[in-house]
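Protein sequence lines, in the order shown, are assigned to chains D and Z.
According to the working numbering, numbering within the first sequence proceeds without interruption in unit steps and concludes at 366.
According to the working numbering, numbering within the second sequence proceeds without interruption in unit steps and concludes at 1366.
Accuracy of the hints is not assured; some may be wrong.
What the hints assert, rightly or not - With the Cβ distance kept under 7 angstroms, some of the chain D side facing chain Z (calculated, not the full set): (1) Gln139; (2) Phe242; (3) Gly258; (4) Ser268; (5) Ser280.
Hints listed in this document are in silico derivations from the structure and should not be mistaken for laboratory results.
Owing to the predicted nature of the structure, the values given are computational and were not obtained by experimental measurement.
No residue lacks a Cβ here, since even glycine has one placed at the ideal position from N, Cα and C.
Number of protein chains: 2
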Amino acid sequence: MNLSRRDFTRLGALSLAAQLAPPLRAQSSNRKIGYAIIGLGVIADHFMRGIQATGNSKVTALVSGHPDKAARIAAQYGVPKSNIYNYENMDSFRDNRDVDAVYVALPNSMHAEYTIRSAKAGKHVLCEKPMSVSVPEAQAMIDACKAANVKLMIAYRCHYETTNLAAVKLIRDGALGQVQQIQSAFGFYCGAGAWRLDKELAGGGPLMDVGIYSLNATRYLTGEEPSSFSAYTYSDPNDPRFKTVEENINWIAKFPSGITASCNTTYSAPMDGYFRVYGSKGWLEVNPAFIYEGLNLKAEYYDSTGKQVKLDQPNPEKDPIHFTNEADHFSNCILQNKTPKTPGEEGLRDMQCIREIYRSAGISMS
Amino acid sequence: MNLSRRDFTRLGALSLAAQLAPPLRAQSSNRKIGYAIIGLGVIADHFMRGIQATGNSKVTALVSGHPDKAARIAAQYGVPKSNIYNYENMDSFRDNRDVDAVYVALPNSMHAEYTIRSAKAGKHVLCEKPMSVSVPEAQAMIDACKAANVKLMIAYRCHYETTNLAAVKLIRDGALGQVQQIQSAFGFYCGAGAWRLDKELAGGGPLMDVGIYSLNATRYLTGEEPSSFSAYTYSDPNDPRFKTVEENINWIAKFPSGITASCNTTYSAPMDGYFRVYGSKGWLEVNPAFIYEGLNLKAEYYDSTGKQVKLDQPNPEKDPIHFTNEADHFSNCILQNKTPKTPGEEGLRDMQCIREIYRSAGISMS
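Looking at chain D on its own, in the form it has when it is part of the complex:
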């Protein structure tokens, strides 16, 4: 099959049509999906606040290794004491009808175990990204959820975020003409002692943690699957933070239609997450693109009448809107028996890409 660039653009447009549809909103049903929150760290806090603003979801249980913290948060969200679990007795929520689904917000290396245990307990699973620390684990998570007949969604916020979706729509509508190249970066200075610096918990360094945003963006912006990667990594041998995970990684990716992308990530510099897309008729930039609020879309291109269009669209939405949107979507998928826009397979694909990037950089991952 010899597809031209135009064919790819058209195929992308078709396959992405669903992605661009307005979010499913709670309909006549008054039933709210009850979530058990597994892991009560920073991102779980955003998620729980996000859930409060949905019409179809609520926090109904907590799973934590810290009873005091769990008790405090339970009081805050009206979770009965009987619905507080720890990591040992969590599986008993199988019989708790308050719990329809779980939100897995643990360190990366624990995603697979807690997703699979939740599936076996008959609960739908919304799992944070990266979905796992290896490709086989990701596949096992998908298989477990299928076997248990529960839904699995990976929490790719940006797929449910209006500015990112507006950028995708501009590209699909052809505003930029033929996309040629993409640049993206996301990184930060990670202080010593963080679990992210321990490969046993994190599975990898900034690529797994935040580089995955750039990687995933190149996939949703192009609507294509990358065909090859080339990557460099560097870690300061004298910096004790980088005994097990990489400090820096950058990579280039090639897509079937010929689009190429350059991406950077680091744990040693402030590197606001952004992407810029260059097309034959113009460019767009979302900067910042991946944080919780304050997103901004800029673009310059020529419309069909030849008139230059300049966009500068700050997004006024505030945190935790991304989490509200993603919880709303997953709950509606459960209520309406639909497949999430970002199912386990979406996460698996990123894990395969991450493995290829690491392989090119000389870093092993299973």
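Place chain Z on chain D using the hints.
Chain Z alone, transformed into the frame defined by chain D:
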């Protein structure tokens, strides 16, 4: 030799100290260096206007294949008719004492021939970048100028440009801490019919033409020589513009201290030239960085007292200031018998890098 990152930074600072020195200015001598302008295209126009603003340089001869155009420009710059040459009789300027130096502003593939002929005629040579279309040619140009005991400078404007130099100084002064990664891009939509699209004349596509700005920037920003490259290219097989040169190329580069760089260039999208440098203590961006005016430096970092510094420094200088600065520098090097900051060896190094990038992308270059 096992150098740490700190050593590299220090070495860079030493080797760049000269580069950061204020431009040599005309001193007591009233003598002006007379230039023969070889090739009267767009960039020559900038250069001639730039020369007018120096105190040490003037246009004294023209070399062109278009007698009418040459006559018109000669009148404009007060060049006597006897100092108008064509490509055949140019060598006779050997005996013309009005001509001290030449400015080679021809298509890339002609740089070597006209540099070498000028050197053999005893004239100093300021040659546009890329200095040649191959590594052996670049070496031959250096050898010819040495043999003739004339100076050779490659017209790397940005080495004489205040905003680029301010960025280098911030890095060398340690404002950003340890530099981790650099991103840069430069490209444009090149319409059909341009000589740039003909490999016979251009030697290559956007990498040679404008990607060289990003390449050179990664070298002057780091003060290091890249140790390896990896590159992807794509050219639409159905686009008649790209029968002989590439449409797109992007590459990653690794430097000895561990810094990595990602660069993009294209002939099929508006891609304003810029660079962004990420360090452990902050970042800086020059955007635009490579065009003739309107440059802007932004930076955010923490100073030695821990106070956050935010810079936003638009450069009010107007075209043709870059050309004034570079002509001023070269003329002073001639007057004071000094080596230019960007000698032939600087151009040769870029040609070697370009060959490596092309090689990685599967494009042959000698």
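Can we keep the D/Ser268 interface hint, with Cβ of chain Z closer than 7 angstroms? 5 angstroms, holds
Does D/Gln139 hold up as a contact with chain Z if the rule is Cβ-Cβ below 7 angstroms? 29 angstroms, violated
Is the interface hint for D/Ser280 satisfied, with its Cβ closer than 7 angstroms to some Cβ of chain Z? Holds: closest Cβ of chain Z sits about 5 angstroms from D/Ser280, inside 7 angstroms.
Taking the closest Cβ pair, is D/Phe242 under 7 angstroms from chain Z? 11 angstroms, violated
Taking the least C-beta to C-beta distance, is D/Gly258 closer than 7 angstroms to chain Z? At 4 angstroms from the nearest chain Z Cβ, D/Gly258 passes the 7 angstroms test, so the hint holds.
When held up to the earlier numbered hints, the structure conflicts with 1 and 2 and fits the remainder.
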